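Chains as they are written, first to last, in our numbering: chain A, 1 to 112; chain B, 113 to 208.
Among the hints, a few may not be true.
[Claimed, not checked] With a straight-line cut-off of 30 Å between C-alpha atoms, the simulated DSS-like cross-links for lysine-lysine are:
(1) B:Lys173 - A:Lys100
(2) A:Lys47 - B:Lys168
(3) A:Lys102 - B:Lys146
(4) A:Lys76 - B:Lys173
(5) B:Lys173 - A:Lys102
Derived from the structure by calculation, the hints contain no laboratory data. Remember, it's a predicted structure, so these values are computed and weren't measured experimentally.
So the chains spell out like this:
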Amino acid sequence: MSISDWIGNEVKSSDVVLFMKGNPQFPQCGFSGQVVQILDYLGVPYKGINVLESDELRQGIKLYSQWPTIPQLYVKGEFVGGCDIIREMFQAGELQTLMKDKGVSMAVKASA
Amino acid sequence: MSYVTTMHTRDIITRKLTEAFTPADLEVIDESDKHAGHAGHRPGGATHFQVYIVAKAFQGKSRLERHRMVNAALAEELAGGVHALAIHATAPSEPP
């Protein structure tokens with residue numbers, strides 16, 4: 001299986017997937033950490049994938065999404081954005097709307 | 113020494129964004145020093161930048177599209193030494 005097939009399979013088999021540096025318990029980059037905080041705050045179940053574990057994955061994810069930086073958030077197989085976009089969407093309430101529209105459950109109905 | 117390197121990358125980013133978007137407003141901030149000790153930081157390296165850009169080209173574009181446009185203009189820098197780029201892209205008609 002190619003790395004691109006592997007990524008495609010991952011983003012389709014979990015509703016919310018975050019490609020990040022480190023893992024949700026120990027993010028190893030401030031930008032990855034910010035997205036973890038937002039997802040945790042919303043109470044969204046997600047799968048964190050540590051790109052530092054494989055150089056092939058770290059490069060492969062950038063090609064897959066045509067996006068040059070980590071973190072990268074996928075919802076229902078679709079690329080949503082990196083740290084800036086996720087933070088701006090969260091602050092505008094758009095991330096919450098997106099999760100709702102895509103049928104992703106949130107533990108907290110955040111109004112922040 | 114490091115000051116010279118840092119200024120250089122910042123100037124390149126400014127020039128490329130100016131050429132690509134003819135922005136109404138543009139600010140490129142080098143934040144590399146704030147990330148000392150962080151994984152992507154290299155001592156003396158220009159690694160972390162923030163970009164505030166206002167341009168007509170962003171009118172009617174989604175956040176994702178705007179970021180992709182800026183990333184494309186700076187593809188070389190992102191593939192090289194620039195580790196992180198925070199982007200704030202708006203159209204002139206939008207609130208900052």
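Here's how the hints hold up against the structure:
Taking the CA atoms of B:Lys173 and A:Lys100, the gap is about 23 Å. The hint holds against a cut of 30 Å. Of the supplied pair hints, the one linking A:Lys47 and B:Lys168 is violated, its CA atoms being roughly 38 Å apart against a limit of 30 Å. Annotation: proposed proximity of A:Lys102 to B:Lys146 is violated, straight-line Cα distance about 37 Å (limit 30 Å). With a C-alpha separation of about 22 Å, the suggested pairing of A:Lys76 with B:Lys173 holds against the 30 Å cut-off.
With a CA separation close to 22 Å, the supplied pair B:Lys173 and A:Lys102 stays within the 30 Å bound.
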